[in-house]
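Enquirer: Work out the full structure: start from the sequences and follow the hints.
If you're matching them up, the sequences are chains A and B in order. Using my numbering, read the first sequence as starting at 1 and increasing by one per residue. Using my numbering, read the second sequence as starting at 1 and increasing by one per residue.
In case anyone wonders, no lab produced these hints; they're calculated from the structure. Don't be surprised by glycine CBs; every beta carbon is placed ideally from N, CA and C. Incorrect hints may appear among the rest.
[Unchecked claim] Across the chosen pairs, the derived CB separations fall in these ranges: (1) Arg347/A x Lys101/B: 38 to 48 Å; (2) Asp378/B x Arg347/A: 34 to 44 Å; (3) Leu2/A x Leu413/B: 55 to 65 Å; (4) Asp109/B x Arg402/A: 53 to 63 Å; (5) Glu26/B x Leu218/A: 44 to 54 Å; (6) Glu226/A x Asp378/B: 18 to 28 Å; (7) Asp143/B x Leu218/A: 58 to 68 Å; (8) Leu413/B x Val268/A: 29 to 39 Å.
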Amino acid sequence: MLHVIQQQLERNAKVSAWTIKEDRSRSKELFFIQNKLDMNRAVDALEYHVCIYVDFEEDETRYKGDANILISASDSEQEIASKIEKAVFAAGFVKNKWYDLPEDVGDSIPGLPLFDNVTDLKERYDELYDVLFKSYPYRSNINSCEIFATTAEQRIVTSKGCDITYPRNHWMFELVTDDNKGKEPVEIFNDYDLTNMDLEQIESIVDRQLMETEGRSLAVRNEKIESIRIILTGDSVESLLEFYVTQATDQMIYSNISRVKKGERFIVEEAKQSLTVTMNPELSFSIHSKPVDEEGRRLKPYVLFRDGVAENIRSSARYSHYLGIAHTGMVQPFEVEAGDRPIDDYRTGNYLELIAFSSFNMDSMSGDFGGEFRLGKLVQNGQIFWVTGGAISENIFDVQDRMVFTARQIRRKKSLTPEAIIIDGVTVSGI
Amino acid sequence: MQLKTSAFLMRQKETLKAIIDALKNEFRFVSILGTDVFGTSYSVMTSGIHVRPSPATERGFVLRVMQDTGFSEYSFNVVDSDHVCRRMREIAGEDRARFLKTHPAVVYDRAPADESKTLVHIGEAEILPGEEDPEAILAELTDVHDRVKEKYAQVVQVMAAIEVTQVNKMFLSPNRDLYQSYAYANVTAMAAASDGQSVKTDYLTKSGTGGAEWLKGIEPIAEEAARRAEELLKSEKIDPGTYDIICTPDFTGLIAHEAFGHGAEMDMFVKQRAKGAEYFNKRIASDAVTMHDGAASCDEVASYAFDDEGNLACDTVIIDSGIFVQGMCDELSALLLDIKPTGNGRRDSWKRKAYTRMTNTFFAPGDNSLDEMIRGIDHGYILEGATSGMEDPKNWGIQCVATKGREIVDGRLTGRIVSPVYLTGYVPDLLASITASSPDLKLSGAGYCGKGWKEWVKVSTGGSHIKAKGILN
Numbered sequence: 001m002l003h004v005i006q007q008q009l010e011r012n013a014k015v016s017a018w019t020i021k022e023d024r025s026r027s028k029e030l031f032f033i034q035n036k037l038d039m040n041r042a043v044d045a046l047e048y049h050v051c052i053y054v055d056f057e058e059d060e061t062r063y064k065g066d067a068n069i070l071i072s073a074s075d076s077e078q079e080i081a082s083k084i085e086k087a088v089f090a091a092g093f094v095k096n097k098w099y100d101l102p103e104d105v106g107d108s109i110p111g112l113p114l115f116d117n118v119t120d121l122k123e124r125y126d127e128l129y130d131v132l133f134k135s136y137p138y139r140s141n142i143n144s145c146e147i148f149a150t151t152a153e154q155r156i157v158t159s160k161g162c163d164i165t166y167p168r169n170h171w172m173f174e175l176v177t178d179d180n181k182g183k184e185p186v187e188i189f190n191d192y193d194l195t196n197m198d199l200e201q202i203e204s205i206v207d208r209q210l211m212e213t214e215g216r217s218l219a220v221r222n223e224k225i226e227s228i229r230i231i232l233t234g235d236s237v238e239s240l241l242e243f244y245v246t247q248a249t250d251q252m253i254y255s256n257i258s259r260v261k262k263g264e265r266f267i268v269e270e271a272k273q274s275l276t277v278t279m280n281p282e283l284s285f286s287i288h289s290k291p292v293d294e295e296g297r298r299l300k301p302y303v304l305f306r307d308g309v310a311e312n313i314r315s316s317a318r319y320s321h322y323l324g325i326a327h328t329g330m331v332q333p334f335e336v337e338a339g340d341r342p343i344d345d346y347r348t349g350n351y352l353e354l355i356a357f358s359s360f361n362m363d364s365m366s367g368d369f370g371g372e373f374r375l376g377k378l379v380q381n382g383q384i385f386w387v388t389g390g391a392i393s394e395n396i397f398d399v400q401d402r403m404v405f406t407a408r409q410i411r412r413k414k415s416l417t418p419e420a421i422i423i424d425g426v427t428v429s430g431i
Numbered sequence: 001m002q003l004k005t006s007a008f009l010m011r012q013k014e015t016l017k018a019i020i021d022a023l024k025n026e027f028r029f030v031s032i033l034g035t036d037v038f039g040t041s042y043s044v045m046t047s048g049i050h051v052r053p054s055p056a057t058e059r060g061f062v063l064r065v066m067q068d069t070g071f072s073e074y075s076f077n078v079v080d081s082d083h084v085c086r087r088m089r090e091i092a093g094e095d096r097a098r099f100l101k102t103h104p105a106v107v108y109d110r111a112p113a114d115e116s117k118t119l120v121h122i123g124e125a126e127i128l129p130g131e132e133d134p135e136a137i138l139a140e141l142t143d144v145h146d147r148v149k150e151k152y153a154q155v156v157q158v159m160a161a162i163e164v165t166q167v168n169k170m171f172l173s174p175n176r177d178l179y180q181s182y183a184y185a186n187v188t189a190m191a192a193a194s195d196g197q198s199v200k201t202d203y204l205t206k207s208g209t210g211g212a213e214w215l216k217g218i219e220p221i222a223e224e225a226a227r228r229a230e231e232l233l234k235s236e237k238i239d240p241g242t243y244d245i246i247c248t249p250d251f252t253g254l255i256a257h258e259a260f261g262h263g264a265e266m267d268m269f270v271k272q273r274a275k276g277a278e279y280f281n282k283r284i285a286s287d288a289v290t291m292h293d294g295a296a297s298c299d300e301v302a303s304y305a306f307d308d309e310g311n312l313a314c315d316t317v318i319i320d321s322g323i324f325v326q327g328m329c330d331e332l333s334a335l336l337l338d339i340k341p342t343g344n345g346r347r348d349s350w351k352r353k354a355y356t357r358m359t360n361t362f363f364a365p366g367d368n369s370l371d372e373m374i375r376g377i378d379h380g381y382i383l384e385g386a387t388s389g390m391e392d393p394k395n396w397g398i399q400c401v402a403t404k405g406r407e408i409v410d411g412r413l414t415g416r417i418v419s420p421v422y423l424t425g426y427v428p429d430l431l432a433s434i435t436a437s438s439p440d441l442k443l444s445g446a447g448y449c450g451k452g453w454k455e456w457v458k459v460s461t462g463g464s465h466i467k468a469k470g471i472l473n
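Expert: Put into structure tokens, the structure is as follows:
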């Protein structure tokens, strides 16, 4: 089918360039209620995401219009032709200033390994079942669990000569844990995205979530605190730090939303914490690692911020051309250099360690962040309380001068980032 | 004008029926859902113009079978009857036997009813999806963008967009032959304003059934989004505390959906994940609260004739004058709970499992005026703009984020604005504190709803202005 799409695009004189992303995946999925298997499923999917570019001129201005279409494996040749024709027509009215797509340079980062997650699930199912449902040293339990073991490949083919196939490893599970033995029954639910069925990691995830659930069961509703040190842990750390990646992205700068300027300091001089961010498409544990972006730009690691100064801009073909900057490629995985002192150094005096949010919000434009927390460990006057139901609301620009990272980086969904972020003087709402 | 039916689904129908015929004697239940969803999203932003498939675009099939050991499904998008039957036998046979070899299964006492039903539902649109004129749409969006950008000096980014989608679905089983085509559209305007130091954004949407004719609603909301974004530059942080609040219809809808709606999804009852199970036929809210959900409850983006499991749409009254009277239910949960499904079995796409999902969820309107509500507040806020929310069905914690709060002191708006505003607290406390609602019912369906962190489906939410008490930060 790829060949059919390619041929039709090449035959169309109005098409100036194109990119095709072939998504080929198969999965096995298991849905548990407590430790009992409910439904089992399998998926075989083949789809093509096509971007069609049309160059045109109007009033002596050159434009590159584009339109995207989705082609399914069961589309007929006539349907493909019709979709392409409509996209070409629409792209002719998309007046984006002209730019060029990247020529393929044929120099890739080393390939990521392909995991046959589908076969692995079937072969090592008993081991997985034991890891999930064995007895853990907590009174909390697994309420339900969903497993999606996917073996997938993506292929990027472009009119500029790129043709790369790479694995899209994904072993995802949703875990719901509950504790019905406290004053009020409680639960915590999370999704975890792994590249393969890493039983050691799964065991550690289950253990941690069961521990947090038991903690939530013991928690009391939080009272308002005027000013306290908070220790952000878990996924909120990645969400907060991703703000810097988004701000250093070309489209945000072109849109005058971001103040990042290449070669200039982005964080304030008074910042307690130096900021060094590296974009790394090779993070082997991240489901977002890949050797090429969707425009056909082969990806390599690069430093985004060094000691708070923007060394590079994360850029696409279009906006790098508009801004007159280097085209670095749209790498997603990132690393943030850790701080100097371990987390325990900050667990002194009064503090609130925020372990799980209902949904941590990070506004990539304004820098506002916050959310309601479902579990926190409050230490006040030497006493420890598990608390729940409070909320924080801050702005990243306002807290830069009282924010530090802890030592030790840990693996998260798309990053290698400090274990925790410490922010002093935060107001926490409560009952 | 009546929508055109899906030639693709019609072309596959005989093959799909042949698959059912081949498998129906091997399994206690067999069904196939076919989907062919298409549409286009047009957006004009200051930074560029985009033409993309509607986010709901999909084309594929789900085959479901049931045997004594439970349910299995196969999702596919290459229609080859021999291959599909072979794969289904592997998944329900070899795979399921492997997974159940030494471990237990959820037991179903009976199969879906599969009552005989033939239905064809064809919706309407003034401009048929797929036949809209991209040149005219992009010209109108560009014109609106340019006028708004020109008028508001601090606005650095404007987005004017329309998304048009036609949903075609076919559900076949030995006794059911259902087909529907319906279309919906939403227009969205977003503006980002900057004073050189901070950036604030706001957005507004309009939605409903139909096609690109919804474009005529873009200009007023684009203008309003820009005005509000500039206004937000003056916003301050709220002093955290408990306040009297008035929620605008969009934020009322967010509360209906996130705070209570998810907890009334009855697959959560099966898993004992919903605190609502303890409140059946009991008071959960004040007398002022009546809440609906249902694809047949109104005419919005989640209005369909049948769900993804072949059950017909309903208008379900969830809360009746403060009493929790009924939940929403998918087919499999209904079997386990021994109740009737309510037409809420929905899938993210043909690739995903069906769950109990909301459709159009709203608090019914009341008869109090907004002015009267404002006059009755000593110190509080009008919460406006639904930024995000997260459910907590087991514990009934609340996280609903409003774009802004407008301060009220001594029964008058002061002009002071706070942003963003996190509404937290405990669901029954919030619902019990609702003392008034206005008659101006409004629904909006620009967004998608997730189950936990995944499984996105198109929904609408709404209500009218309501007065309550909330913990704000």
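Enquirer: If a hint holds in the structure, say so; if it doesn't, say that too.
Expert: Consistency of the hints with the structure:
1. Between Arg347/A and Lys101/B, the C-beta spacing of about 47 Å keeps the proposed range 38 to 48 Å intact.
2. For the hinted restraint 34 to 44 Å between Asp378/B and Arg347/A, the CB-CB distance of approximately 42 Å keeps it satisfied.
3. Look at Leu2/A against Leu413/B: about 60 Å separates their beta carbons, and that is inside 55 to 65 Å.
4. Restraint check, Asp109/B to Arg402/A: a C-beta distance of roughly 60 Å satisfies the suggested window 53 to 63 Å.
5. One distance hint, 44 to 54 Å for the beta-carbon pair Glu26/B and Leu218/A, holds here, with the actual separation near 51 Å.
6. Checked against the given bound of 18 to 28 Å, the beta carbons of Glu226/A and Asp378/B, roughly 23 Å apart, stay inside it.
7. At about 59 Å, the CB distance of Asp143/B to Leu218/A agrees with the hint of 58 to 68 Å.
8. Separated by about 35 Å at the C-beta atoms, Leu413/B and Val268/A satisfy the suggested range of 29 to 39 Å.
No hint from the list above goes unmet by this structure.
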